[in-house]
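So the sequences go chain by chain: A, B and C. Once you know that position 270 of the first sequence is 270 in this note's numbering, the rest is easy, because the numbers rise by one and skip nothing. Once you know that position 80 of the second sequence is 80 in this note's numbering, the rest is easy, because the numbers rise by one and skip nothing. Once you know that position 181 of the third sequence is 181 in this note's numbering, the rest is easy, because the numbers rise by one and skip nothing.
Keep in mind the hints are simulated off the structure, nothing from the lab. Be careful, since some hints might not be right.
Because identical chains cannot be distinguished in the list, a pair is counted as satisfied if it fits within a single copy or across any two copies.
In silico DSSO-like pairs for lysine-lysine, Cα to Cα no more than 30 Å straight-line [said to hold, decoys possible]:
| id | residue 1 | residue 2 |
| --- | --- | --- |
| 1 | K24 | K132 |
| 2 | K128 | K64 |
| 3 | K168 | K132 |
| 4 | K120 | K168 |
| 5 | K89 | K178 |
| 6 | K37 | K178 |
| 7 | K24 | K64 |
| 8 | K162 | K132 |
| 9 | K132 | K89 |
| 10 | K89 | K162 |
| 11 | K2 | K64 |
| 12 | K37 | K64 |
| 13 | K24 | K37 |
| 14 | K64 | K178 |
| 15 | K162 | K128 |
| 16 | K2 | K24 |
| 17 | K64 | K120 |
Below are the chains, spelled out letter by letter.
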Amino acid sequence: MKQFLSVHDVPDLPGLVQEALWLKQNPYADENLGRHKTLGLLFFNASLRTRLSTQKAAENLGMKVMVMNVTTDSWGLEFEDGAIMNGNKAEHVKEAAAVVGQYCDIIGVRSFPSLTDREKDYQEQVIKQFVKYAGVPILSLESATRHPLQSFTDLITIEETKTVARPKVVLTWAPHVKALPQAVPNSFAEWMNAADVDFVITHPEGYALAPEFSGNARVTHNQREAFEGADFIYAKNWSSYETYGQIINSDPAWMITQEKMGLTNQAKFMHCLPVRRNLVVEDAVLDSANSIVIQEAGNRVWAAQAVLKRMLQA
Amino acid sequence: MKQFLSVHDVPDLPGLVQEALWLKQNPYADENLGRHKTLGLLFFNASLRTRLSTQKAAENLGMKVMVMNVTTDSWGLEFEDGAIMNGNKAEHVKEAAAVVGQYCDIIGVRSFPSLTDREKDYQEQVIKQFVKYAGVPILSLESATRHPLQSFTDLITIEETKTVARPKVVLTWAPHVKALPQAVPNSFAEWMNAADVDFVITHPEGYALAPEFSGNARVTHNQREAFEGADFIYAKNWSSYETYGQIINSDPAWMITQEKMGLTNQAKFMHCLPVRRNLVVEDAVLDSANSIVIQEAGNRVWAAQAVLKRMLQA
Amino acid sequence: MKQFLSVHDVPDLPGLVQEALWLKQNPYADENLGRHKTLGLLFFNASLRTRLSTQKAAENLGMKVMVMNVTTDSWGLEFEDGAIMNGNKAEHVKEAAAVVGQYCDIIGVRSFPSLTDREKDYQEQVIKQFVKYAGVPILSLESATRHPLQSFTDLITIEETKTVARPKVVLTWAPHVKALPQAVPNSFAEWMNAADVDFVITHPEGYALAPEFSGNARVTHNQREAFEGADFIYAKNWSSYETYGQIINSDPAWMITQEKMGLTNQAKFMHCLPVRRNLVVEDAVLDSANSIVIQEAGNRVWAAQAVLKRMLQA
Numbered sequence: 001m002k003q004f005l006s007v008h009d010v011p012d013l014p015g016l017v018q019e020a021l022w023l024k025q026n027p028y029a030d031e032n033l034g035r036h037k038t039l040g041l042l043f044f045n046a047s048l049r050t051r052l053s054t055q056k057a058a059e060n061l062g063m064k065v066m067v068m069n070v071t072t073d074s075w076g077l078e079f080e081d082g083a084i085m086n087g088n089k090a091e092h093v094k095e096a097a098a099v100v101g102q103y104c105d106i107i108g109v110r111s112f113p114s115l116t117d118r119e120k121d122y123q124e125q126v127i128k129q130f131v132k133y134a135g136v137p138i139l140s141l142e143s144a145t146r147h148p149l150q151s152f153t154d155l156i157t158i159e160e161t162k163t164v165a166r167p168k169v170v171l172t173w174a175p176h177v178k179a180l181p182q183a184v185p186n187s188f189a190e191w192m193n194a195a196d197v198d199f200v201i202t203h204p205e206g207y208a209l210a211p212e213f214s215g216n217a218r219v220t221h222n223q224r225e226a227f228e229g230a231d232f233i234y235a236k237n238w239s240s241y242e243t244y245g246q247i248i249n250s251d252p253a254w255m256i257t258q259e260k261m262g263l264t265n266q267a268k269f270m271h272c273l274p275v276r277r278n279l280v281v282e283d284a285v286l287d288s289a290n291s292i293v294i295q296e297a298g299n300r301v302w303a304a305q306a307v308l309k310r311m312l313q314a
Numbered sequence: 001m002k003q004f005l006s007v008h009d010v011p012d013l014p015g016l017v018q019e020a021l022w023l024k025q026n027p028y029a030d031e032n033l034g035r036h037k038t039l040g041l042l043f044f045n046a047s048l049r050t051r052l053s054t055q056k057a058a059e060n061l062g063m064k065v066m067v068m069n070v071t072t073d074s075w076g077l078e079f080e081d082g083a084i085m086n087g088n089k090a091e092h093v094k095e096a097a098a099v100v101g102q103y104c105d106i107i108g109v110r111s112f113p114s115l116t117d118r119e120k121d122y123q124e125q126v127i128k129q130f131v132k133y134a135g136v137p138i139l140s141l142e143s144a145t146r147h148p149l150q151s152f153t154d155l156i157t158i159e160e161t162k163t164v165a166r167p168k169v170v171l172t173w174a175p176h177v178k179a180l181p182q183a184v185p186n187s188f189a190e191w192m193n194a195a196d197v198d199f200v201i202t203h204p205e206g207y208a209l210a211p212e213f214s215g216n217a218r219v220t221h222n223q224r225e226a227f228e229g230a231d232f233i234y235a236k237n238w239s240s241y242e243t244y245g246q247i248i249n250s251d252p253a254w255m256i257t258q259e260k261m262g263l264t265n266q267a268k269f270m271h272c273l274p275v276r277r278n279l280v281v282e283d284a285v286l287d288s289a290n291s292i293v294i295q296e297a298g299n300r301v302w303a304a305q306a307v308l309k310r311m312l313q314a
Numbered sequence: 001m002k003q004f005l006s007v008h009d010v011p012d013l014p015g016l017v018q019e020a021l022w023l024k025q026n027p028y029a030d031e032n033l034g035r036h037k038t039l040g041l042l043f044f045n046a047s048l049r050t051r052l053s054t055q056k057a058a059e060n061l062g063m064k065v066m067v068m069n070v071t072t073d074s075w076g077l078e079f080e081d082g083a084i085m086n087g088n089k090a091e092h093v094k095e096a097a098a099v100v101g102q103y104c105d106i107i108g109v110r111s112f113p114s115l116t117d118r119e120k121d122y123q124e125q126v127i128k129q130f131v132k133y134a135g136v137p138i139l140s141l142e143s144a145t146r147h148p149l150q151s152f153t154d155l156i157t158i159e160e161t162k163t164v165a166r167p168k169v170v171l172t173w174a175p176h177v178k179a180l181p182q183a184v185p186n187s188f189a190e191w192m193n194a195a196d197v198d199f200v201i202t203h204p205e206g207y208a209l210a211p212e213f214s215g216n217a218r219v220t221h222n223q224r225e226a227f228e229g230a231d232f233i234y235a236k237n238w239s240s241y242e243t244y245g246q247i248i249n250s251d252p253a254w255m256i257t258q259e260k261m262g263l264t265n266q267a268k269f270m271h272c273l274p275v276r277r278n279l280v281v282e283d284a285v286l287d288s289a290n291s292i293v294i295q296e297a298g299n300r301v302w303a304a305q306a307v308l309k310r311m312l313q314a
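Generate the whole structure from the sequences, applying the supplied hints.
Set out below in structure tokens:
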């Protein structure tokens with residue numbers, strides 16, 4: 001792979017899933033593949049599991065890793081062409097990306113959306129400019145509209161835990177106190193639509209995802225109906241796409257409860273984490289045997305390692 | 001060792017001291033022991049020497065190290081069971097610890113006390129919840145009430161510099177402008193009480209350590225009397241345990257001076273650093289040949305390396 | 001080399017230039033030289049390219065690297081002898097430098113000037129105290145008055161791109177909105193004066209560099225005249241040395257334009273980056289084939305690697 005920004009960069013999805021599951025059993029089989037290669041991890045937004053899992057994946061492949069927390073290092077980047085840079089932006093992405101590209105063989109970039117300018121966010125200006133100017137392959141660590149390493153992780157976790165050939169997978173909106181990006185649900189929908197699963201999305205009115213992400217998925221505003229017979233419940237809050245970036249409803253009735261899980265086919269509970277207990281989902285669900293959120297988080301390593309392996313082989 | 005939270009986790013103290021001194025002479029003898037093992041260093045409070053010395057120790061053993069500065073990465077953790085997480089805490093320690101445990105073979109945790117809630121601080125809620133939920137061994141990098149890597153370092157430094165078989169070791173309170181934790185004096189007392197030394201504690205009235213830490217040590221409020229015939233003077237400020245977290249006395253007469261050092265048996269001067277010159281101790285003492293604070297700081301590496309070696313062998 | 005603070009620490013400048021260019025072709029030829037050696041990178045001011053390029057250079061030599069961002073870790077250092085440390089400074093450089101020296105074989109230090117106290121800045125108090133107390137070799141990552149790794153990079157970039165034996169190199173002041181240090185122009189002048197080039201400095205009145213740095217370089221206030229026949233244009237803003245740290249002129253007429261580049265001998269355009277587009281230099285120049293700023297930034301690795309190699313061999 002020359003880059004990894006979305007599922008569309010994956011030529012052979014089932015093959016990549018098998019690669020990740022194989023690496024989980026053979027983590028050091030390719031520990032010389034990344035010799036003399038450096039992965040730069042550039043965080044415009046804070047990260048815990050993405051940074052740790054990607055760093056570990058790269059080191060399992062023998063790569064060196066250099067982490068840059070741009071937020072804390074206060075490095076204001078200019079992204080506009082032709083800008084007269086007499087304000088608080090110290091460097092243009094044209095130089096910044098090209099310079100980091102001089103020191104790294106692959107660059108991972110995390111950048112969240114503004115949630116104020118839908119058009120700009122959905123144009124993926126930040127990561128696309130790194131692709132344009134870095135001169136080396138770019139790995140998305142979550143961009144304005146997608147979180148592909150998370151979604152790939154979710155797919156391999158479903159693959160390794162499913163009890164039926166074609167499981168029913170339900171993406172359900174859940175309440176939250178903050179306005180959150182659509183990146184995780186967008187990306188999850190994109191990957192589920194590309195996989196061999198029965199995919200259903202449920203959310204309150206006004207929370208429809210962008211059509212290019214929901215695709216042909218069945219969508220219902222009836223959460224209980226969606227849960228019936230589900231094999232996997234994937235919970236996540238997101239802010240509105242229509243009324244962009246707004247919280248138009250935080251109905252606690254949408255919290256995931258054990259009672260609702262009773263409607264399912266003993267569904268596994270999934271969440272990308274971090275998760276707010278007793279707001280998004282009640283303790284009883286997270287603490288039950290059917291919660292696979294920790295296994296899911298652990299699989300971030302194998303997803304990242306499979307992707308980095310393909311990028312190194314490209 | 002399955003964990004390292006206090007001297008009580010050390011089955012064979014003299015053996016561990018000898019291990020550390022041997023590693024100081026043979027730093028790379030075990031450089032393959034930690035191959036394919038990752039140490040995570042999680043700092044809820046800033047650190048310089050603990051981070052550098054522990055990172056170096058782990059790398060001497062061939063481990064990979066991942067550092068997480070949680071303070072700067074602004075990651076609010078919830079520690080209360082059953083909390084409804086609709087405030088500013090983004091993740092519960094139940095998930096946070098378990099997730100980091102997915103990426104690390106050993107987790108080092110630093111977390112300071114509140115100095116406002118004595119009961120909660122002395123329950124060691126933070127580090128104990130990491131022990132409970134991480135699923136991998138926990139290494140204390142200083143907790144609310146103890147700093148065991150520092151105290152072990154102090155013991156090996158005494159062992160390598162003592163001129164008599166059973167030295168007189170004096171822990172003396174010293175003035176400071178900030179209210180500091182009791183972790184270092186608590187822990188030092190705990191380790192000295194477990195070692196073969198003549199241990200004396202001196203402090204102004206109102207600064208008594210918790211009984212479980214001072215144990216059977218001789219305690220006096222007469223600093224000059226305590227110094228008489230001492231082989232080691234260990235200076236440290238701490239806030240009150242009785243009037244919890246308060247500065248009830250900052251009498252400059254308690255500063256360590258060359259004149260007072262004259263009362264000792266040419267005692268070595270020790271401090272865990274950082275130390276405020278001419279407040280805790282005067283320049284003349286720190287700049288004298290009897291100050292071993294830099295050697296002591298250097299020994300942090302060998303203490304950490306001996307502990308990590310035993311944890312890897314467990 | 002026992003230290004690297006300025007060009008005066010380089011015994012054989014042409015030889016070091018050739019070493020850097022050789023390492024660019026043979027980056028891993030010495031990958032065992034730094035085995036069991038640790039480089040500490042101590043940043044009192046934020047850094048992107050210096051940190052990444054120096055870290056990569058050290059790892060190419062097989063060294064371990066430990067990065068300390070002292071700004072973000074809020075570690076107030078006292079530099080005054082005899083200070084009574086009852087304020088907000090937690091540690092004296094005497095201990096801080098010596099302790100870091102216990103954990104590192106070489107220490108890189110970055111510390112910017114105050115721009116308020118010229119005498120103190122030009123005494124290089126911070127880096128000189130690290131040299132005095134660390135007990136290990138010190139590598140400047142930019143100090144109050146010099147940026148030697150940048151200037152060495154600039155020299156090797158000139159060497160590898162020059163089209164005449166003795167090129168005309170012009171250092172030109174350019175406008176900026178912030179008061180910037182003189183470190184880069186000071187250092188560039190020092191290195192150009194030591195190299196076999198025809199060196200000219202041009203700046204508005206009131207921006208003369210300190211005489212010990214400008215040395216015998218030709219200086220003119222006529223930018224157009226300076227550009228005539230130039231083979232390299234090196235642009236940089238700096239605040240006044242005479243009216244210390246002040247912006248006494250930000251005349252936009254001094255911006256580097258394609259029109260002015262037309263006066264040169266098809267000069268290469270250089271800048272240490274980050275650069276503010278259309279303030280310091282217009283897009284047309286940076287986006288032209290004659291801009292070598294990215295190649296220049298990439299060469300930071302080989303400059304640092306050549307210097308570290310000599311320090312390891314010392």
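Going down the list of hints, with the structure as the test:
| no. | hint | in the structure |
| --- | --- | --- |
| 1 | K24 with K132 | between (33 Å within a copy, 25 Å between copies) |
| 2 | K128 with K64 | within (24 Å within a copy, 32 Å between copies) |
| 3 | K168 with K132 | neither (39 Å within a copy, 34 Å between copies) |
| 4 | K120 with K168 | neither (34 Å within a copy, 45 Å between copies) |
| 5 | K89 with K178 | both (28 Å within a copy, 11 Å between copies) |
| 6 | K37 with K178 | neither (39 Å within a copy, 37 Å between copies) |
| 7 | K24 with K64 | both (20 Å within a copy, 18 Å between copies) |
| 8 | K162 with K132 | between (39 Å within a copy, 29 Å between copies) |
| 9 | K132 with K89 | within (20 Å within a copy, 37 Å between copies) |
| 10 | K89 with K162 | neither (49 Å within a copy, 32 Å between copies) |
| 11 | K2 with K64 | both (19 Å within a copy, 28 Å between copies) |
| 12 | K37 with K64 | both (6 Å within a copy, 16 Å between copies) |
| 13 | K24 with K37 | both (22 Å within a copy, 15 Å between copies) |
| 14 | K64 with K178 | neither (36 Å within a copy, 36 Å between copies) |
| 15 | K162 with K128 | neither (35 Å within a copy, 34 Å between copies) |
| 16 | K2 with K24 | both (23 Å within a copy, 25 Å between copies) |
| 17 | K64 with K120 | neither (33 Å within a copy, 39 Å between copies) |
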